[in-house]
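Peer 1: Mind docking chain X with the ligands on chain V? Use the hints.
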Amino acid sequence: MPKSLQAQHHNLADKATQLKILSNGIFADGQLPTFKEKIEPLNEYPLKPTSIEIFQVNVGYMCNQVCKHCHVDAGPDRKEIMTRETMQQCLDILRKTKIHTLDLTGGAPEMNPDFRWFVEEANKTGVEEIIVRSNLTIILANPKYHDLPEFFKKNKVRVVSSLPFYQADKTDRQRGEGVFDKSIEALKMLNAVGYGKAGSGLNLDLVYNPSGAFLPGDQAGLEREFKKELKEHFDIDFNSLFTITNIPISRFLEFLIRTENYEDYMDSLVSAFNPAAVKGVMCRNTISVDYDGHMYDCDFNQMLGLKVDKKAGQHISEFDLEKLENRNIIINQHCYGCTAGAGSSCQGTVA
Amino acid sequence: MEKTYYNPADLKKFGDIADFEPELAKKFFDYYNDVFKEGALTAREKALIALAVSHTVQCPYCIDAYTAGTMEMGVTEKQMMEAVHVAAAIRGGASLVHGVQMMNKVKKLSM
Ligand code: SF4
Ligand code: SF4
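These protein sequences, in sequence, are chains V and X. Counting from 1, position 64 in the first sequence corresponds to residue 64 in the working numbering; the numbering is continuous, with no gaps. All you need for the working numbering is the position in the second sequence, starting with 1, plus 1000.
Everything labelled a hint here was simulated from the structure, so no lab data went into it. A portion of the hints provided could be inaccurate.
The calculated DSSO-like cross-link candidates involving lysine-lysine, where the alpha carbons are at most 27 Å apart (straight line), are [what the hints assert, rightly or not]:
| no. | chain 1 | residue 1 | chain 2 | residue 2 |
| --- | --- | --- | --- | --- |
| 1 | X | 1013 | V | 36 |
| 2 | X | 1078 | V | 227 |
| 3 | V | 227 | X | 1013 |
| 4 | X | 1046 | V | 228 |
| 5 | X | 1013 | V | 228 |
| 6 | X | 1078 | V | 231 |
| 7 | V | 170 | X | 1013 |
| 8 | X | 1078 | V | 228 |
| 9 | X | 1078 | V | 182 |
| 10 | V | 231 | X | 1046 |
| 11 | V | 170 | X | 1078 |
Pair by pair, the computed Cβ-Cβ distance ranges are [unchecked claim]:
| no. | chain 1 | residue 1 | chain 2 | residue 2 | range |
| --- | --- | --- | --- | --- | --- |
| 12 | V | 31 | X | 1003 | 13 to 23 Å |
| 13 | V | 10 | X | 1004 | 31 to 41 Å |
| 14 | X | 1090 | V | 142 | 48 to 58 Å |
| 15 | X | 1018 | V | 42 | 21 to 31 Å |
| 16 | V | 84 | X | 1040 | 55 to 65 Å |
| 17 | X | 1040 | V | 50 | 40 to 50 Å |
Where is the CB? At the ideal position from N, CA and C, for every residue including glycine.
Chain V extracted, bound-state conformation:
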């Protein structure tokens, strides 16, 4: 199994190195406008939040997969994991605020030993929706995970799962040998308990991201295609397909640079910049929390080590809704990934 950039001691495992690449080169020499230059004339700089509705908690970078495009640089060799104490602090925030959605991500969030406890406790806080971003294969990785579909059902969790393609080759090239077959197996297990079935109230959404240095196509068209193919060949049902643009950070940035696609990819993101998508970027209604309890504008800023504006308080122990809702969002050139074409967020397109 391949290793994370961190375990390889790769220079791109370093957040500062990534930020340097994103700030220098084609952006410093004026070939391409910086994101700030692009949103300033739209009166969107500084970028401001609307209201905080989604609390996205990254419960650890450990994962059973090592996908090539992973923006988290997750893998079995990553040991960073959220403690129950930090989870407790998150629960207190959910209880105190009107935040309606808890969005659990990783790595494979299910690998955190306190994951189930966290979900059950979160349900008691009265939060309206709990999302788990599951990579699917974890359900089959070990017998102790086989009952996850029932656990999700019991806790009315909304399952959002990555499936880069409805055929094995592209999926396996991006996510690892055999991932497609296991993902299909896991989807069948989720369908079997009612997920993705009409009228069950159990939502199963799939996430598509391009398997390479190109942008995602039309979300509705791809959803139609995925639904048709998955039904026809595997009898699988799901609710919605979210198309997500690959953000040029971490392992995807490493891929872009190694294959000499970086400049062209950034150019295509900038060319596809859509002013209408700026309004819907997810950092405007989300707070992202890392395993240590630090807060970020989004999961991507988390991976670049760009904590929320200091004045807003940078740790959940200092959580202050008003300050956070008035903060300036930290941006950089990777933000072009969220504003290209129809835009991109954890919920798919935004414009």
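Peer 2: Okay, now just chain X with the ligands, sitting in the frame of chain V:
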């Protein structure tokens, strides 16, 4: 002097053709954009046709653009290559069917 006739960066300058003749360029681009809209054929089918045709007219810019375009639409590599074979079959067939003309002439000229 440019080292090559074709420069990948020129694809992005396609719109610049309007600099020398804006009105006709506008008509062309409006037409072009309408052609590729979802219609009786899906946008995906149209992109695949465009990919095949760009191989027939051997335009490197179009091959670049519609390779990326079809990939974005989730067209599989096998489907893309089949489209190229369709182009090749028509090209090859078009040459071969003219063989009949050659044969007709041969027959006419021969004793
Ligand atoms: S993309 Fe998801 S499943 Fe793949 S390595 Fe990263 S966290 Fe794990
Ligand atoms: S990368 Fe993060 S901060 Fe930038 S626009 Fe996207 S969500 Fe907002």
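Peer 1: Please go over all the hints and tell whether each is borne out by the structure.
Peer 2: These are the hints, each one checked on the structure:
For the proposed pair residue 1013 of chain X and residue 36 of chain V, the alpha carbon gap of about 24 Å is at most 27 Å, so the pair holds. Annotation: proposed proximity of residue 1078 of chain X to residue 227 of chain V holds, straight-line Cα distance about 20 Å (limit 27 Å). Among the hinted pairs, residue 227 of chain V with residue 1013 of chain X is inconsistent with the structure: their alpha-carbon atoms are about 37 Å apart, more than 27 Å. Among the hinted pairs, residue 1046 of chain X with residue 228 of chain V is consistent with the structure: their alpha-carbon atoms are about 19 Å apart, no more than 27 Å.
At roughly 38 Å between alpha-carbon atoms, residue 1013 of chain X and residue 228 of chain V are farther apart than 27 Å, so this suggested pair is violated. Taking the CA atoms of residue 1078 of chain X and residue 231 of chain V, the gap is near 20 Å; set against the 27 Å cutoff, the hint holds. Between residue 170 of chain V and residue 1013 of chain X the alpha-carbon distance is near 32 Å, which puts this suggested pair outside the 27 Å criterion. Taken as a hint, the residue 1078 of chain X and residue 228 of chain V pair is honoured in the structure, with Cα atoms around 18 Å apart against an allowance of 27 Å.
Note on residue 1078 of chain X and residue 182 of chain V: the hinted pairing holds, with a Cα-Cα distance of about 23 Å set against a maximum of 27 Å. The suggested pairing of residue 231 of chain V with residue 1046 of chain X holds, with an alpha-carbon distance near 24 Å, which does not exceed 27 Å. Of the pairs offered as hints, the one joining residue 170 of chain V and residue 1078 of chain X holds, with about 12 Å between alpha carbons and a cut-off of 27 Å not exceeded. A hinted range of 13 to 23 Å for the beta carbons of residue 31 of chain V and residue 1003 of chain X is consistent with their spacing of about 20 Å.
Evaluation of the 31 to 41 Å hint for residue 10 of chain V and residue 1004 of chain X yields a pass: the beta carbon distance comes to about 35 Å. In this structure the hint that residue 1090 of chain X and residue 142 of chain V lie 48 to 58 Å apart at CB holds, the actual value being about 54 Å. One distance hint, 21 to 31 Å for the beta-carbon pair residue 1018 of chain X and residue 42 of chain V, holds here, with the actual separation near 25 Å. In this structure the hint that residue 84 of chain V and residue 1040 of chain X lie 55 to 65 Å apart at CB holds, the actual value being about 59 Å.
In this structure the supplied range 40 to 50 Å holds for residue 1040 of chain X paired with residue 50 of chain V, their Cβ-Cβ distance being about 41 Å.
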